[in-house]
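Visitor: Given next are the chains, with one letter for each unit.
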Amino acid sequence: MSLELQNVDWQAGFKKIITDVTIAVKPGEFLGLIGPNGSGKTTLMSVLGGLRRPSRGDAILDGQALKSIGRRNLARRIGFVEQQADTIDRITVTEAVSLGRTPYLSLLSPWSQNDDAVVDDALDAVDMRSMKDRIWHTLSGGEKQRVHIARALAQEPEFLLLDEPTNHLDIRHQLGILELVRRLPVTVVAALHDLNHAAMFCDRIAMMDGGKLRAIGTPQDILIPENLRDVFGVSATVEPDDIHPGRCMIRYHAGGANTDVVSDFTEMKADIKKDRIA
Amino acid sequence: MIGLLSLAFTNRISATLVALMLLCVTLAFAASVGETAIPMQTVINTIANHVWNAGHEVDVIDAGIVWNYRLSRAVVAASCGASLAVAGAVLQGLLRNALADPYLLGISAGASTGAVSVAILGLGAGVLGLSVGAFIGSLVAFAFVALLSLQAGRGTGAIILAGVAGSQLFNAMTSFIVTKSASAEEARGIMFWLLGNLSGVRWPDVWLALPVAIVGLVICFGYSRALDAFTFGRDSAASLGVPVRRAYVVLIGCAALMTAVMVSIVGSIGFVGLVIPHAARFFVGTRHSALLPVSALIGALFLVCADVFSRMIVPGQVLPIGVITALIGAPAFALILCHGRVLR
Chain R
1 MSLELQNVDW QAGFKKIITD VTIAVKPGEF LGLIGPNGSG KTTLMSVLGG LRRPSRGDAI
61 LDGQALKSIG RRNLARRIGF VEQQADTIDR ITVTEAVSLG RTPYLSLLSP WSQNDDAVVD
121 DALDAVDMRS MKDRIWHTLS GGEKQRVHIA RALAQEPEFL LLDEPTNHLD IRHQLGILEL
181 VRRLPVTVVA ALHDLNHAAM FCDRIAMMDG GKLRAIGTPQ DILIPENLRD VFGVSATVEP
241 DDIHPGRCMI RYHAGGANTD VVSDFTEMKA DIKKDRIA
Chain H
1001 MIGLLSLAFT NRISATLVAL MLLCVTLAFA ASVGETAIPM QTVINTIANH VWNAGHEVDV
1061 IDAGIVWNYR LSRAVVAASC GASLAVAGAV LQGLLRNALA DPYLLGISAG ASTGAVSVAI
1121 LGLGAGVLGL SVGAFIGSLV AFAFVALLSL QAGRGTGAII LAGVAGSQLF NAMTSFIVTK
1181 SASAEEARGI MFWLLGNLSG VRWPDVWLAL PVAIVGLVIC FGYSRALDAF TFGRDSAASL
1241 GVPVRRAYVV LIGCAALMTA VMVSIVGSIG FVGLVIPHAA RFFVGTRHSA LLPVSALIGA
1301 LFLVCADVFS RMIVPGQVLP IGVITALIGA PAFALILCHG RVLR
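Protein chains in written order, with the working numbering: chain R, 1 to 278; chain H, 1001 to 1344.
Hints in this document: simulated from the structure, not taken from any laboratory.
Computed from a prediction, not measured in an experiment: that's the story for all the values here.
Backbone N, C-alpha and C define an ideal beta-carbon position, used for all residues, glycine too.
Careful, some of the hints might be misleading.
To be verified - Beta-carbon label-pair distances, calculated as ranges:
1) R:L184 <-> H:A1334: 44 to 52 Å
2) R:D121 <-> H:V1164: 42 to 50 Å
3) R:D58 <-> H:Q1168: 43 to 51 Å
4) H:T1010 <-> R:S109: 14 to 22 Å
To be verified - Over the 10 Å line for every Cβ pair with chain H, so calculated as not near, a few chain R residues:
5) P36
6) P54
7) E82
8) E143
9) L184
10) G217
As the list claims (entries may be wrong) - Below, in silico cross-link-like pairs of lysine to aspartate or glutamate (EDC-like), each with a Cα-Cα straight-line distance of 20 Å or less:
11) R:K144 <-> R:D170
12) R:K132 <-> R:E143
13) R:K15 <-> R:D209
14) R:K144 <-> H:D1235
15) R:K132 <-> R:D121
16) R:K67 <-> H:D1235
Kindly generate the complete structure, drawing on both the sequences and the hints.
Guide: In structure tokens, the structure reads:
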């Protein structure tokens, strides 16, 4: 049970989005993927999920190239939750989660009681069973996200890939989703925006910068002031988390973002003032 | 468990039987009403005579009207309605756009260009009929739209925009030919054809329309689970194990061919492909395994009835069926929309 990328490039037209990424997901871990906007997190996730084929290098699942495994078989082993997937259809929660059974169904193996059971278990896992008959568009953002995760779980995957699962959620639901995902008995790779969330929940963190994998390691190794400054352009202090031993937390410093730009601007303003006086 | 399965199975079979019976009754009804009303008994006897040589005594003229004119016309109307509705449902599901309809792919525009090229410019030197011209035109337009959308890149937006561009281009060519070369009489004839016209339909048309409708429906039905998987978009379908590219090629190709055949037989009847799928969704929800057959059924019934109306509504004159579909369909759709909102 291993999922890895070896020297993977992916390009859109002539523009390389990710370059020479080598990464191996360990069984059972919660791997967080961090990086500034446009650093290639989403692309990396979709290559890992087999949705995009590498332009160069290999994506490998258990020693076998993803492209040779076939869509259906892949969907039984890797569940993927996109950043924002919405629909205008009037479907119920159960129907949405049932879509996760698609890779197991065919004309010869129609829907069975086992499928019902799997769907119920998936709803239980995300604590949405009481809402199984609700219509999709009546759900809140957090509930929709839970349904998406349940749909991916109904695929009975070994790997669950989540692309910024906490986007647009309030803080309680953000923490709720991450707590839920950490408890699941699957290997999780999640692209995360909030570095403190990555620090709190991840076993390991991979840091992307400009399409390259900058570093990978434990939260304490990756989330250091130098990286936060160089990659994210913020000044911050990292402190040990007293309540959760072995974890760390980040305190950002106000006015510390993009210091170069800010000081340039102040100088410019000073120059203009001087000109006016003259 | 087996009991439950077989129950679901028998439910399905009985639903299919009820649907087929409903369709047969409607077809018989369509054959019996018209300028000269023909009793239902005569209709049934005539059909029995033709289908299994029952040897009933029927009036020869009545039998001729029922069999050669009305019944063939009704069966083509049913095939056409079913095809357009299924094509619409498939495109709406695949492109995730509630406004998608079969003519989105440039097919009706291309058909009109093909038809006027044959009828007015005399292309094909009398060898090609209007239908063949329309069919070729619709395929050319579809090829144009398909190539354009491939060039424009992935994504459903590209297909829809390419369809709009293609339709505009071919409609402009039709208008150009009509205004430049057609006489007033020809222009009126072409307009009539463009709005849909079943008057010239005979049995040979049935043997083209019916198989296309059935085969098309079966193929699309086979992809109903894949269509469901597109609920949350293309990437989500891919992550659920659907071969996205193959589904696109097969389903869009299927919808295009069904539409092209129907348009070349009866002209471009509007409204059915757009509205019937929405009506069907209102009744049976969005699961395509139910939506596609029900769309086909409602489309077939609707077009057969619309054809009867078009023959009856103005005595002594046949209205283009496209006018009727919109006149009846638009208010009916408005009702469904308002009612649907109340239910929400």
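Visitor: D58 of chain R and Q1168 of chain H, beta-carbon distance inside 43 to 51 Å?
Guide: Taking Cβ atoms as reference, D58 of chain R and Q1168 of chain H lie about 46 Å apart, which means the hint holds.
Visitor: Run the C-beta distances from P54 of chain R to all of chain H and say if the shortest one exceeds 10 Å.
Guide: holds, 16 Å
Visitor: Does D1235 of chain H sit within 20 Å of K144 of chain R, going by the straight-line distance between their CA atoms?
Guide: Judged against 20 Å, a Cα distance of about 17 Å means the pair holds.
Visitor: Would you check the hint for K132 of chain R and D121 of chain R, treating anything up to 20 Å between C-alpha atoms as holding?
Guide: Holds, because 12 Å separates the two Cα atoms, which is no more than 20 Å.
Visitor: Do the beta carbons of T1010 of chain H and S109 of chain R sit within 14 to 22 Å of each other?
Guide: holds, 20 Å
Visitor: Against the 20 Å threshold, does the CA-CA distance of K67 of chain R and D1235 of chain H hold or violate the hint?
Guide: holds, 16 Å
Visitor: Are all beta-carbon distances from E82 of chain R to chain H longer than 10 Å?
Guide: violated, 6 Å
Visitor: Per the hint of 44 to 52 Å, is the separation of the Cβ atoms of L184 of chain R and A1334 of chain H within bounds?
Guide: At 47 Å between Cβs, range holds.
Visitor: Take the C-beta atom of D121 of chain R and the C-beta atom of V1164 of chain H, compute their distance, and say whether it sits inside 42 to 50 Å.
Guide: holds, 45 Å
Visitor: Since P36 of chain R was said not to touch the interface, does its Cβ keep a gap of more than 10 Å from each Cβ of chain H?
Guide: The claim stands: P36 of chain R keeps its Cβ more than 10 Å from every Cβ of chain H (closest is about 23 Å).
Visitor: The output says L184 of chain R does not contact chain H. Does that hold with a beta carbon cutoff of 10 Å?
Guide: holds, 17 Å
Visitor: Looking at G217 of chain R again, its CB stays over 10 Å from all of chain H?
Guide: It holds; G217 of chain R is separated from chain H by about 28 Å at its closest Cβ, greater than 10 Å.
Violated hints amount to a single one, hint 7; each of the other numbered hints is respected by the structure.
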